[in-house]
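Protein sequences, first through last, are from chains F and V. Just so we're on the same page, this note's numbering is the position in the first sequence counted from 1, plus 4. Just so we're on the same page, this note's numbering is the position in the second sequence counted from 1, plus 4.
Fair warning: there could be bad hints in the mix.
Note that identical chains are pooled: a pair holds if it fits in a single copy or bridges any two copies.
[Unchecked claim] 27 Å max Cα-Cα, derived BS3-like pairs, lysine-lysine: (1) Lys228 to Lys137; (2) Lys173 to Lys49; (3) Lys306 to Lys261; (4) Lys261 to Lys49; (5) Lys306 to Lys106; (6) Lys137 to Lys106; (7) Lys173 to Lys228; (8) Lys49 to Lys106.
In short, the hints are calculated from the structure, not lab data.
Protein chains: 2
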Amino acid sequence: MAKIAFFSPVQEGILEVENLIRSQADGFHPDLRAALDLLLSSGGKRVRPALTLLTGSMLGAADDRLVTLGAAIELLHTASLVHDDLIDSSLLRRGTPTLNSKWSPGATVLTGDFIFARAAKLAAETNSVEVMKLFAQTLTIIVNGEITQLFSTGCHFNREDYYERIYAKTASLFETATTAAALISPVDEQTVECIRRYGYEIGMAFQIIDDILDFTADPMLLGKPVGSDLRQGLVTLPAIYYAESHPNDPDVQALIKGSCGGDESCTSRLVESIRTSSAIQAAHNEARGFVQRGLAGLKMLKDGVERQAMEELALYIVDRQQ
Amino acid sequence: MAKIAFFSPVQEGILEVENLIRSQADGFHPDLRAALDLLLSSGGKRVRPALTLLTGSMLGAADDRLVTLGAAIELLHTASLVHDDLIDSSLLRRGTPTLNSKWSPGATVLTGDFIFARAAKLAAETNSVEVMKLFAQTLTIIVNGEITQLFSTGCHFNREDYYERIYAKTASLFETATTAAALISPVDEQTVECIRRYGYEIGMAFQIIDDILDFTADPMLLGKPVGSDLRQGLVTLPAIYYAESHPNDPDVQALIKGSCGGDESCTSRLVESIRTSSAIQAAHNEARGFVQRGLAGLKMLKDGVERQAMEELALYIVDRQQ
Chain F
5 MAKIAFFSPV QEGILEVENL IRSQADGFHP DLRAALDLLL SSGGKRVRPA LTLLTGSMLG
65 AADDRLVTLG AAIELLHTAS LVHDDLIDSS LLRRGTPTLN SKWSPGATVL TGDFIFARAA
125 KLAAETNSVE VMKLFAQTLT IIVNGEITQL FSTGCHFNRE DYYERIYAKT ASLFETATTA
185 AALISPVDEQ TVECIRRYGY EIGMAFQIID DILDFTADPM LLGKPVGSDL RQGLVTLPAI
245 YYAESHPNDP DVQALIKGSC GGDESCTSRL VESIRTSSAI QAAHNEARGF VQRGLAGLKM
305 LKDGVERQAM EELALYIVDR QQ
Chain V
5 MAKIAFFSPV QEGILEVENL IRSQADGFHP DLRAALDLLL SSGGKRVRPA LTLLTGSMLG
65 AADDRLVTLG AAIELLHTAS LVHDDLIDSS LLRRGTPTLN SKWSPGATVL TGDFIFARAA
125 KLAAETNSVE VMKLFAQTLT IIVNGEITQL FSTGCHFNRE DYYERIYAKT ASLFETATTA
185 AALISPVDEQ TVECIRRYGY EIGMAFQIID DILDFTADPM LLGKPVGSDL RQGLVTLPAI
245 YYAESHPNDP DVQALIKGSC GGDESCTSRL VESIRTSSAI QAAHNEARGF VQRGLAGLKM
305 LKDGVERQAM EELALYIVDR QQ
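In isolation and in its complexed conformation, chain F is listed as follows (with noise of 0.2 Å):
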């Protein structure tokens, strides 16, 4: 993590972040605290904690205020992310097992609603009750977009879908991380307004880019075969101006009418046609252009270490590798 410049000014903060994560089993079932370890040692960039602390560094928000919502917003994310690798059967994120690879499913739905009420606990001690509601709806968010996924039948390309789909599962949270550190800091409403856009267009930009390594990133970095997503019947933007381009691909056609079933070869051709096609390229620019208009925003507020911050973690998010 201390490689990536942007961390460097918040760097102590995300320490103490993961501290009081890990104390918020304290006082509970000593397997709870087993589990938080677990989770924390599985890495993570903690990308979305470092938003957090840098737009309330910027903005003029109390420290200890923004440790502790750092830690209620890496909780939430974790919370899901447990529920979800239950959901999916996941037996490993980021290369190391996850809890459910290790406990019964019962145990961890349960770790998964300790974890929710700790974010909960954190978020409430920030004393806001706008922050608060911002929780709520985007847990309500989140687990909406996580049903209408479940629930969905067939291969659909199709763009408001997939924009839904990523703002659900990753840029309502990006811009929860960023517009709560606003309300929390002494600043006007134009202000939380441009960190919220901030916030929202580096979230689905970072979701984008995570769409596009699915396709190119090496698979043993990955921890997954090239293309799962399409396996799996998700289509994401690389597929969608694939399809837009090459309508006529017999294999996007199958796809679309459901007739490639579990025809392994139908997918595989198709997974490496987007991958060598103009389409990663498109859906890069489409990334770009998210992360620029986040950008834009920023320029209104003051210069200084945590802004040239910000505009380092998008770039990165569009430049990452893995």
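Go by the hints and put chain V onto chain F.
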């Protein structure tokens, strides 16, 4: 519901609570509305929101905030039941099919999460940071209790463990149902404390009576076999009283040593011994003691239709047959 006298002062409020709960799925995935309808239709006595409405009306809270709070309380309860039934693989609750009996485990987990999110949203809409903190703390206690129970091994005839468990399972939310209503009312700290105590005491009594009914109620009414707790290795107050007065009963000894195991005749015999012993009356007397302590605090509050209803509710709890 209309038949139970203590509901009369808040009957209309309860209907508003139910409508507010139903509306929580508006704008989200249609199956979530179906899930809320199913969960509401399965009945339930709505004792918790009734407690909130009665307490708040007595203490002068605004009606709309009370309905919001009552819905938040009932949703928190509902969400934890949804996850509980999934973990226990229960197919029926109060004679109605559970969500997990109809939906996949993944959809059930997410529906529980969605309901938690809506409970948090409504709690935040009371605009009270104190209420939010109480909510988060209560969810933590409930979930920690479930995890402790899930991870516990062997049969423990231990009073302290029992009290802790029924506090986590039931009394904590009863306490929150009354305390939160007091927190949004124009009253002093001493009144909040009386009201908290009332909620705590009748919550403890409520669970003790539930645990007695597990031995004494008509299995048809209960929808599960007599002594189902003990059959699942869960030692409740009647069993504790019985073991205290019959320490040398070989079935008690076998259960403690874990040598009862899958021996159905051993637990069946013990269930029958407890059911026909004075342990039932002893447990009942203890529940009555909790209720009396809860009622004592109410005496210092102003008399009126709500206080009388709260007294009736407390007495109903110890006298109910199902």
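Tested hints:
no. : hint             : in the structure
1   : Lys228 to Lys137 : neither (36 Å within a copy, 40 Å between copies)
2   : Lys173 to Lys49  : within (17 Å within a copy, 37 Å between copies)
3   : Lys306 to Lys261 : neither (53 Å within a copy, 70 Å between copies)
4   : Lys261 to Lys49  : neither (39 Å within a copy, 49 Å between copies)
5   : Lys306 to Lys106 : neither (48 Å within a copy, 55 Å between copies)
6   : Lys137 to Lys106 : neither (34 Å within a copy, 32 Å between copies)
7   : Lys173 to Lys228 : within (19 Å within a copy, 41 Å between copies)
8   : Lys49 to Lys106  : within (23 Å within a copy, 38 Å between copies)
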